[in-house]
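Trainee: With mature numbering (1 follows the signal peptide of the UniProt record, and there is no 0) applied, the sequence shown corresponds to residues -19 to -1, 1 to 61, in that order.
Honestly, the hints are just simulated from the structure, not real lab data. Each hint should be verified, as a subset may be incorrect.
Stated by the list, open to error - Per label pair, the in silico range of CB-to-CB distance:
(1) 53 x 17: 10 to 20 Å
(2) 2 x 52: 10 to 20 Å
(3) 11 x 48: 30 to 40 Å
Think of the CB as a built atom: it goes at the ideal place given N, C-alpha and C, for glycine as much as any other residue.
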Amino acid sequence: MRFTFETSAILALLPRALADSLTLYLPSNPNPFSIPANTHATLSSAGVHFSAPLSSANTFVFHNVTPGSYLADVHCPTDA
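Let's have the full structure, built from the sequences with the hints guiding it.
Mentor: Shown next as structure tokens:
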């Protein structure tokens, strides 16, 4: 099978198109603004690990996340 240049370029971008951003939002109760700024979250799967800092909007934004099943953990130094 022979692809034209345009088709090959589109197929090369396919893995990037499947990668997306994932945003985790903190609930409004208890007050999310009381959480320390060095709080971060991780997404883990078999052989894959993503980390995201706490944003000023009280969210954790993970970039280039491929489809799959992940475990999300929030790491906060003041709360267990």
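Trainee: So, for every hint listed, does it hold in this structure?
Mentor: Now for the hints, and whether the structure bears them out:
| no. | hint | result |
| --- | --- | --- |
| 1 | 53 x 17: 10 to 20 Å | holds (18 Å) |
| 2 | 2 x 52: 10 to 20 Å | holds (18 Å) |
| 3 | 11 x 48: 30 to 40 Å | holds (32 Å) |
Violation of the numbered hints given earlier is absent; every hint is satisfied by the structure.
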